[in-house]
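Engineer: The residues making up each chain are set out below.
Number of protein chains: 6
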Amino acid sequence: MEDKLAVLVIEDDQSIQGIVEDALIEGGFEPAIAASGEEALILLKGGAIKYRALVTDINLLGRINGWEIAKQAREIDPEFPVIYMTGAAADQWASHGVPNSVLLTKPFAPAQLVTAVSHLLNAGNPPSAPA
Amino acid sequence: MEDKLAVLVIEDDQSIQGIVEDALIEGGFEPAIAASGEEALILLKGGAIKYRALVTDINLLGRINGWEIAKQAREIDPEFPVIYMTGAAADQWASHGVPNSVLLTKPFAPAQLVTAVSHLLNAGNPPSAPA
Amino acid sequence: MEDKLAVLVIEDDQSIQGIVEDALIEGGFEPAIAASGEEALILLKGGAIKYRALVTDINLLGRINGWEIAKQAREIDPEFPVIYMTGAAADQWASHGVPNSVLLTKPFAPAQLVTAVSHLLNAGNPPSAPA
Amino acid sequence: MEDKLAVLVIEDDQSIQGIVEDALIEGGFEPAIAASGEEALILLKGGAIKYRALVTDINLLGRINGWEIAKQAREIDPEFPVIYMTGAAADQWASHGVPNSVLLTKPFAPAQLVTAVSHLLNAGNPPSAPA
Amino acid sequence: MEDKLAVLVIEDDQSIQGIVEDALIEGGFEPAIAASGEEALILLKGGAIKYRALVTDINLLGRINGWEIAKQAREIDPEFPVIYMTGAAADQWASHGVPNSVLLTKPFAPAQLVTAVSHLLNAGNPPSAPA
Amino acid sequence: MEDKLAVLVIEDDQSIQGIVEDALIEGGFEPAIAASGEEALILLKGGAIKYRALVTDINLLGRINGWEIAKQAREIDPEFPVIYMTGAAADQWASHGVPNSVLLTKPFAPAQLVTAVSHLLNAGNPPSAPA
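Protein chains in written order, with my numbering: chain P, 1 to 131; chain X, 1 to 131; chain W, 1 to 131; chain L, 1 to 131; chain R, 1 to 131; chain G, 1 to 131.
For reference, chain P alone in the conformation it holds in the complex (with noise of 0.2 Å):
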């Protein structure tokens, strides 16, 4: 069981990458930190390492946001389990989020982290609609 789970994050603030980062890998995961949208669109799509979960800021560099970039990730794969981490804009999260998505709000203690990727990745197959 050497194969780490890669988890892909996209955070521009460098002292929040360090504290997820640090979360990440204390928790037993494998973080891949994008600083861009755009950035983290090509590493999903391009399949040299498969990602198990999205971890993102909403507001990034670049032209795509975090809600974006979770839409296109989970038209790749249904069931792929996004986290997102915001200061400002969790009240659209009812809006524009994806369904069995996590959202947290900065700031946030690293154990809120790792239990939110460990939740939904121990879900497995998420419900297609949840009643």
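Among these hints, one or two may not hold up.
[Claimed, not checked] Only pairs whose alpha carbons sit at most 27 Å apart, straight line, appear in this in silico BS3-like list of lysine-lysine:
{"hint": "1", "chain 1": "L", "residue 1": "Lys-50", "chain 2": "X", "residue 2": "Lys-106"}
{"hint": "2", "chain 1": "W", "residue 1": "Lys-4", "chain 2": "L", "residue 2": "Lys-106"}
{"hint": "3", "chain 1": "G", "residue 1": "Lys-4", "chain 2": "R", "residue 2": "Lys-106"}
{"hint": "4", "chain 1": "X", "residue 1": "Lys-106", "chain 2": "L", "residue 2": "Lys-45"}
If you are wondering where the hints come from, they were derived from the structure by calculation, not from laboratory data.
Put chains X, W, L, R and G on the given structure of chain P with help from the hints.
Structural biologist: Relative to chain P, chains X, W, L, R and G alone:
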């Protein structure tokens, strides 16, 4: 308790309209039918009647589809209960649906619709970020 | 399977009594109406009939309210299904309700009541501490 | 939407058969009754009709019981909705039931059955490993 | 993201205090310890620090117990995350706990506490009436 | 609160054993490793130590597999938390797993295991029939 709970239904197929209408009435709700997304938005924003839930087809007459209507309803009220009905677009739910919504794949039984509406209403304020 | 499941209902408003009674009967339950909390406690503790769920208004005739009745029902049986019905006291649920209970805000549709009772009964032994 | 959702019911007690059949029809489903597990398996595997859910007694005529039928149904379709009905074997559910199934203890109200079937169908693809 | 999330802990047993404090710090939270319910209420109502969750023993020094503190915290904020820790009073949770709370039975592992706090925080606005 | 919660782990691959052991210890649990299902049953039934959860591989040395061990553990205690770990047998979970269990697909991150164990323990008495 004479006031009935108004449920906004967007569906242009008359046979499904009838089934949905009958099911909601039998469950004790008061359905209001809109034939297009544009008409539905006028009703939602008009405020003459306070709708308590949205039941919408995906492919609608006019220029806006069901995914878009639901987003606009959630911008007005982040906790608005949303039920999508679709035959062909079910695989888009994971990327285009709003969180805490229910997808009914056609054909469905009337009891599924009534259970879904009841369940979302009973849940009160749905979690802004379920984890 | 002739035995019907008895549901104890505490409600003094006769019009709501009627709606609740009809909804439960149509769902296949056997409602027993108590007009006050004191009367309800006598029925719950008497043991002549084994009630399977409690549906209670908050503001009751007599000295005990619905929050208190539910607590006493849970002291007898920690897994007793509890549904509160209220028009004015909904915001007290978070501090005065018992865990794993459902709050129906008046007005509600009969289907919401039947779904709530069914859902709590189907869940069997509700978690003693959901996490 | 003329196609009704077929639900396979395995129950040999005629009075319960009648109650289950009536409840499903009123909920808008199309029940198909099998008197034994062997007969049910032929129907499930025959493929002439696509069943959408299984409602089964535990102690069946013939050599296979309800626990076993449910396992075989899940081997054909890992997300097949399963509802067990039992009077005496409820305590075996935790060790013999399949994940994401519902157990109804006899006697139950018809609304509990309809809510359970609707709920499992609405959940779409149940999680392969809920956590 | 330098701000840590403050978690109010009410526990007078020093050995458990230490375990809870260490677990929360390692999870990235900032625990504040109160030795009595009275002290905790002063902190909650003082407003100098915005606490994000309550972790409380049931039997406290002073006149108010953990069940009562949680009710008061929920009256201030209906969505306040509440975790009870208890050795002896677990069977009272069903009648005295607040909805959407978690009960940890002593002894528990530190990871259970961190998971419970994270889970409740991630759930954002817990449902006001889950059904 | 010196007593640690014992978790029974059945795994013969030494590298995975080590990862599971380390993760549980860091989470504050006390893992006990059994190399075969037969050995695990002796420990479970021996009663010298009260195990609080089972973490088991599917394909085991000896004649009994992980699906079978979990069934036997649930016959002793219907609410026993069960976590399966598997690389190859994940698609059998829907038909061979016990209700309210978690499946971890190898490779998994240590945090997923700790979250799953914590989550099941926090849930206390899991529903005997979730609906």
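Engineer: Would you mind marking each hint as holding or not holding in the structure?
Structural biologist: Hints and how they fare:
{"no.": "1", "hint": "Lys-50/L <-> Lys-106/X", "result": "holds (14 Å)"}
{"no.": "2", "hint": "Lys-4/W <-> Lys-106/L", "result": "holds (10 Å)"}
{"no.": "3", "hint": "Lys-4/G <-> Lys-106/R", "result": "holds (10 Å)"}
{"no.": "4", "hint": "Lys-106/X <-> Lys-45/L", "result": "holds (23 Å)"}
The structure shown violates none of the earlier numbered hints.
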